[in-house]
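Visitor: Protein chains in written order, with the working numbering: chain U, 1 to 556; chain P, 1 to 308; chain D, 1 to 339.
FYI, nobody ran anything at the bench for these hints, they're computed from the structure. Remember, it's a predicted structure, so these values are computed and weren't measured experimentally. Ideal Cβ positions, reconstructed from N, Cα and C, are used throughout, including at glycine. Take these hints with a grain of salt, some might be off.
As the list claims (entries may be wrong) - Stretch-level coverage of chain P by chain D, calculated; a stretch enters the list once three of its residues show a Cβ under 8 Å from a Cβ in chain D:
hint, region
1, 106-118
2, 173-182
As the list claims (entries may be wrong) - Some chain P residues well away from chain U (every beta-carbon gap over 12 Å; in silico):
hint, residue
3, Leu80
4, Ala90
5, Ile165
6, Gln275
What the hints assert, rightly or not - Short, incomplete list of chain U residues facing chain D, as computed with Cβ under 7 Å:
hint, residue
7, Ala177
8, Ile178
9, Lys338
10, Arg339
11, Leu341
12, Leu353
13, Asp357
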Amino acid sequence: MKGITKSFPGVLANDKIDFVVEKGEIHGLLGENGAGKTVLMSILYGLYKPDEGKILVNGKDVDIDSPRTAMKLGIGMVHQHFMVVPSLTVTENIILGREPTKNRILLDAKKAFNDVKEFCDRYKLEVDLKALIHALPVGVQQRVEILKALYRGADVLVLDEPTSVLTPQEVQELFRAISALKNQGKTVIFISHKLREVLAICDSVTVLRRGKVVGTVKANSTNLSELARMMVGREVIFKFDKEQPQTRKAVLKIENLQAVDDRGLPALKGIDFNVYACEILGVAGVEGNGQTELVETLAGIRKATAGKIILGEIDITEASPGKRIQMGTSIVPEDRQKRGLIMGFSVMENIILGRHDQPPFAKGLVRINIRETLNYAKNLIDSVAHRSNGTINVREVLSSARKLMESLILGSRDKTTIAKGFVRLDITQTSDYAGRLIDEFSIKTPDKDTLVQHLSGGTQQRVVLAREFSRNPKLIIASQPTRGLDIGATEYVRSKLVDMRNKGCAVLLISADLDEIWALSDRIAVIYEGRIVAVEDPEKTSETEIGLLMAGGKFG
Amino acid sequence: MVELIEIINVGLFAAALRMATPIAYGALGGIFSERSGVVNIGLEGMMLTSAFAGVALSYFIGNPWLGVLGAVLAGGLLGLLHGVITVKFAGNQVVSGTGINIFALGFTAYMSRTIWGSRGASASVQGLSDISIPLLKDIPVIGEIIGTHTPLVYLLLIVTIGSFIVLFKTPFGLRIRAVGERPEAADTAGIDVYKTKYLCLIASGMLAGLGGVFLSLGHVNLFAFGMTGGRGFIALAAMIFGKWMPFGAFGASVMFGFADALQMRLQALGLLPPQVILMIPYILTVVVLAGVVGKAVPPSNYKPYVKE
Amino acid sequence: MLPQTIAIALAFGVGAITLLLTGYNPLEAYVAMLVGAFGDTFGIGQTFAQATPIIFTALAFLFAYKCGLFNIGAEGQFLIGAFFAALVGISFSGLPSFIHIPLALGAGILGGAMWGFVPGVLKAKLGAHEVITTMMLSYVALYITGYMVNYPFKAPGWVAQTVVISPSAWLPQILPPTQLSLSIVVALLLVAATHYTLCRTTVGYEVRAIGLNPSAAESGGIGIKKGIILALVISGAMAGLGGAGEVLGVHRRFIEGFSPGYGWDGLAVALVGGLNPVGILLASVLFGALRSGGMTMSRTTHVPLDIASILQALVILFVAAPMLIKYLLKRGGVKKWSS
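Taking the hints into account, I'd like the entire structure generated from these sequences.
Guide: This is the structure:
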């Protein structure tokens with residue numbers, strides 16, 4: 001590929017890129033998130049058209065205008081987000097678009113099965129051909145994707161971040177498969193941002209940074225730090241300063257927590273752990289082992305089928321999401337666009353989400369909580385009737401009276417609510433608050449009324465952090481908080497998490513990025529198939545051990 | 001009480017099958033559309049327009065079969081329109097469908113008045129005559145129920161089986177389901193997502209057309225204002241109840257057809273005021289939807305697929 | 001507003017072609033419509049009178065839409081509201097107007113709210129698609145009110161209607177002999193109230209949040225089920241209020257079939273109005289003009305009144321395809337207008 005240039009609104013994704021791959025080699029394409037790797041390969045696969053530049057395959061100038069053309073030229077791609085149809089079988093997925101038929105109308109299922117089986121045997125990729133895709137583990141789904149490309153006659157296989165969803169053991173299996181492909185004469189382009197893996201499997205590596213090629217090197221003549229420097233351009237902070245905690249106060253206690261996933265299958269099979277104030281508990285695990293369900297259950301979006309969640313001293317297992325927010329829980333969700341922000345709302349509106357119906361953001365008749373109101377009334381009467389030394393404690397009376405007034409006017413969210421008022425949003429207060437947070441968190445936005453969908457990923461995450469952290473929570477649950485962010489935004493998020501931890505917060509960090517877990521955690525837990533299989537001190541364990549636990553193996 | 005039992009006879013079941021026919025065609029049309037990822041609220045309008053087209057053609061040309069052909073074409077055209085709006089221009093599917101419904105009501109009334117001078121009912125036209133299947137109609141009881149019907153009813157059975165085969169036994173059906181469920185996957189597999197959706201929507205319209213023309217040419221031999229009476233929506237409910245499967249939808253349609261047939265006979269008996277009886281099919285639809293939908297998961301992802 | 005204007009223009013264009021092809025003179029027809037709608041005080045009054053109920057149903061559709069819901073049963077909610085108001089109007093006499101009128105209007109709100117509550121609950125608890133349920137309930141409303149007005153509440157005579165409601169419940173007509181009544185003031189107030197609710201209250205905030213992103217809204221502590229039900233209840237209530245306004249201000253009784261489809265007009269108007277209150281006001285005047293001008297047109301030129309429905313549908317179809325407008329603009333070389 002020569003001189004490839006491609007830009008999207010606001011972003012120059014590829015800037016005059018020259019990229020050469022030799023036949024039969026495994027070539028790594030390395031770069032940070034957002035460096036332009038996927039865009040470049042999408043151009044190669046015909047999903048995008050380059051603004052400038054040309055592509056030569058086997059020396060011939062070609063115009064790749066669609067995946068069909070790319071496939072005809074022998075280029076196949078396995079995407080980071082699998083392009084499989086969940087409700088179809090493995091065989092059906094593989095033959096899609098190139099289905100064998102009898103008498104040209106009916107599908108020849110038997111021939112399809114045999115054809116695909118032949119490919120499986122040839123490339124030693126084992127898959128249950130009759131299984132439905134949605135029932136298969138992620139590693140196997142990936143194999144299906146590879147088979148799909150091979151079935152269409154791919155000679156060049158582009159793998160986009162293939163290891164992001166695999167356990168260390170599955171990664172080894174993948175590498176074995178890639179080597180086998182190389183032996184069969186195939187060429188592989190390996191896109192990744194993981195230095196270690198690229199170095200391990202690739203023959204040569206091209207590094208991209210901010211849309212430009214930094215350089216191409218042979219794997220056996222370079223090392224980790226050189227590659228890191230090429231990728232990032234400067235030294236990267238890997239470790240943070242952490243103060244030692246004063247006390248061991250358990251903020252979050254989880255006992256035998258169980259839950260089912262969307263399909264009704266058990267996702268959490270009895271989770272036990274505690275998170276203490278002033279610590280970051282990192283939960284390592286390959287995606288799909290219950291992390292998502294754990295976060296959802298802790299947030300109150302998913303009902304627990306058994307077990308208890310205790311925040312401080314209070315059992316919040318049955319509490320609604322709103323109540324948990326009130327009690328000091330903050331969530332940084334893994335999918336900020338789906339769960340974290342309302343894209344069509346402005347920065348200001350997103351910042352008050354969760355507290356939008358409470359002072360100072362709302363004023364006016366909120367709700368009347370009968371039980372609480374009666375309580376306060378009772379207190380008031382008590383304090384008036386109570387005489388110590390024959391005098392009425394004026395301060396007590398006043399404070400009870402005030403609480404009573406507040407409960408009448410402000411109320412609180414509870415099952416005994418009887419009146420849901422049309423509460424007015426206090427725009428002045430909200431704007432002020434939003435303005436302050438925009439400064440404090442350096443949110444790069446033209447103004448507070450800009451719709452959040454117009455902001456970059458990193459900036460959007462700052463909005464989420466601003467909202468969640470400014471509440472001074474007791475517990476922060478951060479799920480894949482740096483996913484999809486560039487290095488600058490990643491550093492910011494991590495440093496903020498450490499900040500909150502230092503301030504006394506309990507942080508539950510769930511991440512598929514082992515480096516991140518290692519850098520931030522005071523203790524590391526491993527989740528596997530819905531259970532916590534270990535809780536370790538990072539000083540006393542190793543990546544191999546953790547990797548093994550992540551894959552279900554027991555150490556020793 | 002005696003009168004009630006009187007109405008439960010073979011005629012009722014035969015009528016049930018008859019009344020099920022337009023709903024079933026509509027439901028099948030809905031299946032093709034939804035399986036490819038497009039919600040088709042406009043079935044009602046497509047049916048109504050086809051009902052009209054069939055009658056109009058039969059009026060001018062004198063041949064009901066050409067009327068059927070015209071109806072099918074009209075339905076297909078509207079299906080294509082829906083496709084163009086929602087697929088090519090990524091328009092809102094519900095809005096487009098509703099627009100088609102309103103258009104159909106107004107257009108058919110307008111043309112009806114222009115041609116026959118009244119928007120209420122057209123002149124009587126040559127309709128489709130019933131045919132009897134020789135051996136079938138001699139079977140006791142069952143023979144009376146299914147032995148003699150408009151050809152369109154028998155066509156329905158063929159079309160239902162055909163739909164199942166197409167959707168589940170042919171490459172094209174496989175592609176439809178892929179396109180509906182994960183268009184990105186189909187696209188990267190080299191399938192033309194847009195073309196597939198267009199074809200499905202045209203088929204959807206054509207099937208709705210068969211349903212519509214049955215109401216006019218196959219039943220009463222004239223066109224009346226708004227004669228589809230919400231059947232396009234009931235067809236959607238039948239589709240959901242039948243879990244987006246051709247045979248399931250057919251079964252659900254028969255159930256709704258039964259309600260329809262029952263309602264007509266009850267009206268004739270005069271036991272209850274007409275309005276109360278007329279409500280039955282609609283309330284039934286709501287009840288069905290309420291009871292079933294929780295367990296029914298649509299097979300498709302309905303977001304419009306926009307390529308770079 | 002530009003895309004909507006172009007859509008309207010296109011719709012009228014296609015309408016003109018339809019007229020031509022069926023042997024009518026489009027120019028004559030459109031001019032007759034225009035003159036009928038705006039030519040004299042009577043016409044203008046009628047135009048606004050016809051626009052009034054449409055404003056209510058359009059707001060109803062808008063409110064539900066903001067919550068991500070398609071309430072296409074506004075017609076049914078309108079009818080139920082109208083009937084309930086008529087009931088209150090008939091059942092009491094001798095009450096002072098300033099009590100009777102709000103009472104009747106309140107009944108209309110209640111009726112419409114009930115009719116919105118059912119699909120709301122079905123959707124929230126069971127996931128039943130509100131498009132179908134609201135549609136079906138429209139038919140049910142039609143038949144229930146039809147039954148009521150043909151049997152239990154039928155006034156003596158041939159016509160299926162109730163008796164006249166007590167004068168204490170009449171909403172004054174402000175421009176006789178047109179049908180324009182105080183109902184339009186209620187409509188305008190509702191427009192302002194809707195805008196304020198959506199933008200400045202927590203209820204509006206939550207409704208919009210659910211409409212834009214239910215997952216994030218849920219995480220933010222907003223009750224999705226409650227929100228959906230509330231949105232449809234309020235939506236139905238608005239339509240019901242419109243129905244009440246028509247009964248109290250125009251007909252002063254419930255007549256079978258008195259609504260020529262105000263519910264559907266409302267849907268079209270909401271879309272054409274770009275789903276904002278000001279747009280809705282303008283669009284409802286347009287549709288009111290189509291109706292009142294249409295009646296004149298069909299009287300003087302014998303063009304079937306249904307051309308108005310066709311125009312309405314065409315506008316919807318063109319508005320439904322925003323990219324179509326952009327595409328046409330580009331094609332026509334007017335690139336600088338496409339944003």
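Visitor: All hints are to be evaluated individually against the structure, with a verdict given for each.
Guide: Hints versus structure:
1. 106-118: holds (count 7)
2. 173-182: With 0 residues close enough to chain D, the hint is violated.
3. Leu80: holds, 24 Å
4. Ala90: holds, 17 Å
5. Ile165: Label violated. Min Cβ-Cβ 8 Å, cutoff 12 Å.
6. Gln275: Its Cβ never comes within 12 Å of chain U, the nearest being 37 Å, so this holds.
7. Ala177: Constraint on Ala177/U not satisfied, violated at 36 Å.
8. Ile178: violated, 37 Å
9. Lys338: holds, 5 Å
10. Arg339: Where the cut-off is 7 Å and the nearest Cβ of chain D is about 5 Å from Arg339/U, the hint holds.
11. Leu341: For Leu341/U, the interface hint holds, since the closest Cβ of chain D sits about 6 Å away, which is under 7 Å.
12. Leu353: OK, holds: Leu353/U within 7 Å of chain D, min 4 Å.
13. Asp357: holds, 4 Å
The structure is inconsistent with the numbered hints 2, 5, 7 and 8, although it conforms to all the rest.
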